[in-house]
Amino acid sequence: MARINDDALMSIDFLAGFTIFLLSLIVAAGMVPGMLAGLQSATIDYDGVAYRTSVILAEDPGWFEDVNGGVGSRWEIKRDDEIQRMGLAVSKETPNIFSIAKVARFFNQTYRENPAFYRSRVFFSDIPYSFNITLKGDDFEYHLGDGTPEGEYGSIRRAVLVKNASEATLDFSNAAVLGAYADPATAPGATSTFNVSLNFTELLAPSPAYQVDPFSERITIRIENLNKTFYNGAQANLTNLKLYWRSNPGEPSFEIETDSLHLYVDGVQNSTLLTNITHNLTLIFDPGFFTRGAPDNKNVLTIRDLEFTFANSPGTNTTIKNTFNYTPTDDKVTMPPLKPAVLEVAVW
Amino acid sequence: MVDDSAQLYTMEGIAAAFVILATVYLVAGTTSIYTPGDSHITDMQLEVLGNDVLLVMDTPVNGTVNSTLHTNLYEWNGTAFGEDFSRLLNERVDGTSDSLSYNATVSYRKEADGSVANYAFNTSGIQTGYEQAVRVTRLATIPGKPTGAPADFDTREQVVMLEVLIWRD
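Protein chains in written order, with my numbering: chain A, 1 to 348; chain B, 1 to 169.
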């Protein structure tokens, strides 16, 4: 049948062209979100994340929730899975003042292989950011994360102060110390006992920036030149170390396990208490020691005494005695000043 | 269809469409649009750092002494303030120094009429007036007129305001 005319007919050219046009439209529409992603500046986003992270680190003391339902900011003495947020500030009232115990735990190198640990406790983001966090002071430097990339990354710098732990040094070559805590002129009995008393109420009374916090700070006790306390002897024999809860008389004391502290005898680390000392004895109690082995009402502010017992015999003895109060007002206890440092957070 | 003038044929049409698409995609992908609203991020970084430095200087290093900032103001020692401020402001963790400049001014109460006067406390260089500067401030209580302070400084205890402009050279 012959055609009368071409009206209302669709050419093959038009069909091909329209199909390709539709395909292009679909492809172009699919590109739109990607094109917009290219428009947003990545640097500005990273700067925001770096700022947020620096605020958590510098201005927040962190948070933990333990299995017993306990909550608080002393996360540095808790297990990894109990840590909710890792802020480095001493307390929420003292922004930009870092606790050295928190700094040490945060920059702990064994965590380095596990960036997810930090992402879920500092960055709080589903995006797996890479990061580099550095804290540098005059005599210390801590790094965490990878080296900063060649390309763009967000960063922020904060000026902070670092609070260090206190320590007590009893040097028996000092006549005043010898007179107060020993009596080398008199023969000692079968045992000598010496106490170091920590009044937690008193220690925790000042501002968090300047207090001695035995719960979350390292406590160091150095006994030097112990030979000055010997009564015709050459060494002293430390047989027992106990922790007493003095303000609760009914409460039992407990013997301190040597694996819960660092014990240095004459400069050498020792694993046992039954030991002979010729000159120096150093005890270092790590953060968290004074909450360990405690009764349920563990955070009651109270007086705790460390009791050192020495066994005496001719040739092996010491005349050490009395109670030393671990308090910052005593000149034998040194509180290091706050040290300025720079914190840099880089995120990409 | 009268004739073929101004007609785009199918193959040329496809080619042209691809050229346009590719161009648009390239242009959109390589341009980062820096809107005026985004400049607040660099300003914010300077502000945060400036406030940090003033906070660090205003925190006593132990419980018994005065802060460096308080001492600098009470001794009216702009040079000592400048040294500390500049060091804390420019110190970077890699050991290099940043290029931030500052200009510190103290506002105080005048003895004669109680009005407020300004004193150029310390500056790290000459300003051109075109700096993109941010402003951070700190209040400090001064127990009396510091030695070396301007003659019209009120002799009573007063709160002075330290205002620091910070900009990047």
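Wrong hints could be hidden among the right ones.
[What the hints assert, rightly or not] Here are the simulated EDC-like cross-link-like pairs (lysine to aspartate or glutamate), alpha carbons at most 16 Å apart as the crow flies:
1) 242/A with 266/A
2) 321/A with 344/A
3) 136/A with 91/B
4) 228/A with 266/A
5) 339/A with 183/A
6) 321/A with 138/A
7) 339/A with 91/B
8) 332/A with 167/A
9) 228/A with 167/A
10) 136/A with 94/B
11) 339/A with 141/A
12) 339/A with 12/B
13) 339/A with 84/B
14) 242/A with 138/A
15) 321/A with 167/A
Hints are computed from structural coordinates only; laboratory data are not their basis.
Do the hints match the structure? See the list:
no., hint, in the structure
1, 242/A with 266/A, "violated, 21 Å"
2, 321/A with 344/A, "violated, 49 Å"
3, 136/A with 91/B, "holds, 10 Å"
4, 228/A with 266/A, "holds, 14 Å"
5, 339/A with 183/A, "violated, 39 Å"
6, 321/A with 138/A, "violated, 40 Å"
7, 339/A with 91/B, "holds, 14 Å"
8, 332/A with 167/A, "holds, 8 Å"
9, 228/A with 167/A, "violated, 21 Å"
10, 136/A with 94/B, "holds, 9 Å"
11, 339/A with 141/A, "holds, 12 Å"
12, 339/A with 12/B, "violated, 72 Å"
13, 339/A with 84/B, "holds, 13 Å"
14, 242/A with 138/A, "violated, 38 Å"
15, 321/A with 167/A, "violated, 20 Å"
In summary, the numbered hints that this structure violates are 1, 2, 5, 6, 9, 12, 14 and 15.
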